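There are 2 protein chains.
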Amino acid sequence: MEKTGYHMTPEQFREEGKKVIDWIADYYENIEKYPVLSQVKPGEIKASLPTNPPQKGESLDEMMNDVTNKIMPGITHWQSPNFYAYFPANTSFPAILGDLVSSGFGVQGMIWATSPAATELETKVLDWLVGMMGMPEKFKSTSTGGGVIQDTASTSALTAIITARERVTKFESNKKGNPQKLVAYISTQTHSSIEKAVKIAGIGTDNLRLIDVDDKFAMRTDLLKKQIEKDKKEEYTPFFICAALGTTSSNAIDPIKEIGEICKTENCWFHIDAAMSGTAMLCPEFRHFQNGVELADSYCFNPHKWMFTNFDCDVFWVANREELINTFSILPEYLRNKATESGEVFDYRDWHIQLGRRFRSLKLWFVIRHYGVEGLQHHIREHVSLAKKFTGWVNQTKDFEIFVDPPLNLVCFRHKSSDDFNMKLMNAVNETGKAYFTHTKLNGKIVLRMSIGQTNTKEKHIKTTWDLIQETAEKLHLK
Amino acid sequence: MEKTGYHMTPEQFREEGKKVIDWIADYYENIEKYPVLSQVKPGEIKASLPTNPPQKGESLDEMMNDVTNKIMPGITHWQSPNFYAYFPANTSFPAILGDLVSSGFGVQGMIWATSPAATELETKVLDWLVGMMGMPEKFKSTSTGGGVIQDTASTSALTAIITARERVTKFESNKKGNPQKLVAYISTQTHSSIEKAVKIAGIGTDNLRLIDVDDKFAMRTDLLKKQIEKDKKEEYTPFFICAALGTTSSNAIDPIKEIGEICKTENCWFHIDAAMSGTAMLCPEFRHFQNGVELADSYCFNPHKWMFTNFDCDVFWVANREELINTFSILPEYLRNKATESGEVFDYRDWHIQLGRRFRSLKLWFVIRHYGVEGLQHHIREHVSLAKKFTGWVNQTKDFEIFVDPPLNLVCFRHKSSDDFNMKLMNAVNETGKAYFTHTKLNGKIVLRMSIGQTNTKEKHIKTTWDLIQETAEKLHLK
Chain A
1 MEKTGYHMTP EQFREEGKKV IDWIADYYEN IEKYPVLSQV KPGEIKASLP
51 TNPPQKGESL DEMMNDVTNK IMPGITHWQS PNFYAYFPAN TSFPAILGDL
101 VSSGFGVQGM IWATSPAATE LETKVLDWLV GMMGMPEKFK STSTGGGVIQ
151 DTASTSALTA IITARERVTK FESNKKGNPQ KLVAYISTQT HSSIEKAVKI
201 AGIGTDNLRL IDVDDKFAMR TDLLKKQIEK DKKEEYTPFF ICAALGTTSS
251 NAIDPIKEIG EICKTENCWF HIDAAMSGTA MLCPEFRHFQ NGVELADSYC
301 FNPHKWMFTN FDCDVFWVAN REELINTFSI LPEYLRNKAT ESGEVFDYRD
351 WHIQLGRRFR SLKLWFVIRH YGVEGLQHHI REHVSLAKKF TGWVNQTKDF
401 EIFVDPPLNL VCFRHKSSDD FNMKLMNAVN ETGKAYFTHT KLNGKIVLRM
451 SIGQTNTKEK HIKTTWDLIQ ETAEKLHLK
Chain B
1 MEKTGYHMTP EQFREEGKKV IDWIADYYEN IEKYPVLSQV KPGEIKASLP
51 TNPPQKGESL DEMMNDVTNK IMPGITHWQS PNFYAYFPAN TSFPAILGDL
101 VSSGFGVQGM IWATSPAATE LETKVLDWLV GMMGMPEKFK STSTGGGVIQ
151 DTASTSALTA IITARERVTK FESNKKGNPQ KLVAYISTQT HSSIEKAVKI
201 AGIGTDNLRL IDVDDKFAMR TDLLKKQIEK DKKEEYTPFF ICAALGTTSS
251 NAIDPIKEIG EICKTENCWF HIDAAMSGTA MLCPEFRHFQ NGVELADSYC
301 FNPHKWMFTN FDCDVFWVAN REELINTFSI LPEYLRNKAT ESGEVFDYRD
351 WHIQLGRRFR SLKLWFVIRH YGVEGLQHHI REHVSLAKKF TGWVNQTKDF
401 EIFVDPPLNL VCFRHKSSDD FNMKLMNAVN ETGKAYFTHT KLNGKIVLRM
451 SIGQTNTKEK HIKTTWDLIQ ETAEKLHLK
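Protein chains in written order, with our numbering: chain A, 1 to 479; chain B, 1 to 479.
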């Protein structure tokens, strides 16, 4: 204790760290033995933990025992190959190791000077991704734009809305507050994060227009145009339109090109939210879905969803970084430094809401290098083809139906009986612990969602799950 | 390749993971050999990396070699015991391991149901901290309030401002947009994050009042009262006041109790930003600095600064969680579930801006359990006592002066000659690579900052650095 006080020494870390590595490897080898959806009741985990913190330090063995015995029952296993709920939140071993190196460095990458590598690796990797996804050159740092890692697509949406608000007010709303007659447009199916961002930015949900969708749940641009005309007549100023490249509910894909053209005509900021489905753009055969992307002012997708990179890692690109930086830049004296003043570097604190930032590009770099472009493409194609298979199986039955044809990896289906039956079926399957999937509501009907994209999901998993769903439906019918 | 495609297997992870653990231990054993402030030029790291991503996967050895050879030169070593710049951004081995377990689980804790343990451990650990820091009971989840981990103090400030805006507008500004006559108050020394938050929230910097400070750089409440009177006469509505428990520039401590009382009288939201110095509240002898904390509506501090917990980990407490939840809650169909509808659980997505969230309480839990309350207190006291020692040394010289008496661990000093000389001195010391410290401006003068709080800083480090500063000053004088 003399030399280091209460700190763990590097020697102890070598020993304890290797135990944790083994613990994680064991976890993945046994992950299918756990119930996918945690079976605990509200308050159960909390009640198992002591009311007061320890006065004296405890050993890592004690902590890891508690992780195994007290925490594990409260884990819903997002990394289980039988996890089909919500959306994938994938990790992978290379991502875990990249993130571990980042924890080890413990650098604070708020500005270039506080760790040049953290800034420059991020810029480079996000430029790589522009090419990997067939995105327009303007999103590269070597052109007028550039990318930055944000925590979530919610934050990217907020960042886009604030920048759009600034652009349309000629950089006055940061100073005077938000003017009252700005309006934003999304479809009725767009993710709730836009609504949240509109509230935060002081725009107000009264000024958010929800445009109705077609039979594939994609935004109807004829109605969008009409609404804009109406708003302009009433002296509102349209300033922001968000298109979804894959809605959360049903993976619907808005008509990017048509919306982009309306944005140009109406002088609106065009943001594309490709949170999950953006990853599919790694494969050229899926890029037709983002036809028109060259019209976007900003674009985000989450490698922390489908691209095997652990949370948090949302990629946000802008076509014109000057607007973004002018919106978020603040330079107090204690952050002044030569590199910043030279203008030769990016200070990423000026690209987002937070000041502090972790070295997140390391894990993304590790993932891209481990898999290579071909490995990433392989696994994305595999998931899309599994979703097609699952769709085929559903179509072969008489009791179930596909609700909307899946463009990629999300299958929306339902039992042909009542909403109530579908909810019962879902809960019954989830309670077995063998699989976990969730529901949504489309056209007023309960629809079941199989989100097929977990890192380790293979055909045998979706086959077993499909059998389980069918068997459970039969049992429930007999009751 | 047959069984797992391109994925790394658990067996490979065991092997590679242990190598990474050793690599990190080696890094800490050798950390004092690296120049603390990275010496690279803008663009140097980027130029060392390939223009295109690899088509085929690469080995982890190749990546780790690149980390050592290409990334390391661009690292500014925040974990070096000779890092005295900005503020500490500490990690510790228990934190790294807790975060590693979190990466392994890879759970998305957006709502209770998506991993009950992630929510309940967070609630429990943040309740522990209320007791550990002598905070009022109302901040506990078992009372009317509760805590949530945010990424940064910037985000906590924004969250507080939005909730305050909603409260004062009776929950109308989320709907109608921000009304134009709300005003917020901070001191001239308050962190730039409040200015940024005021912009984002659509309040506008014209509506942010900067109150002048006393000779210790703390907010003058007589001037605060005067400004509020003036604003009310002009039909502005005061709605938010932020007090700093330790400003970034000089660690000045605003008069918490007096400001709190003004907030009550004027019906303003009272937010306390204790980003770095909050950690000192673990020691009862420093709690007089937050006398009046029971008047606060919200409070934040960053275990990722001084409490040995790696980024990101900001703790944000509110006294009344209903107001917070009413401000941020959104419930789309695809997130509906039984636990949420029962009202028995917290869904932390409703406590902040983002939807997605990482299992961050694990690392905080590991830190508290590893050190125990007494270990944490030991190291905080050690840092404060080192700052006192350093202050004593400065006071003994005739060429240097203490600019403001340090309340805790940040020493603000300067060479008695010109501003220009102080900047030259700082740059010359930093360029040696042996230590890294930064500057600020106080009363129009350049002041040097020694932030003493890095996990591994001991007396020998500050002694060597002080000798280096003095020798460098002498050499510069002789030129």
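Derived by calculation from the structure, the hints in this document are not laboratory data. Mixed in with the good hints there might be a few duds.
For chains that are exact copies, the list does not tell them apart, and a pair is met inside one copy or across any two.
What the hints assert, rightly or not - Dumping the calculated DSSO-like pairs for lysine-lysine here, alpha-carbon to alpha-carbon at most 30 Å:
id : residue 1 : residue 2
1  : K175      : K264
2  : K257      : K233
3  : K18       : K479
4  : K170      : K140
5  : K176      : K233
The structure displayed is predicted, hence computed values, not measured ones.
Legend entry - Structure versus earlier hints - violations, ascending order: Hint 3 is the one this structure does not satisfy, whereas the remaining hints hold.
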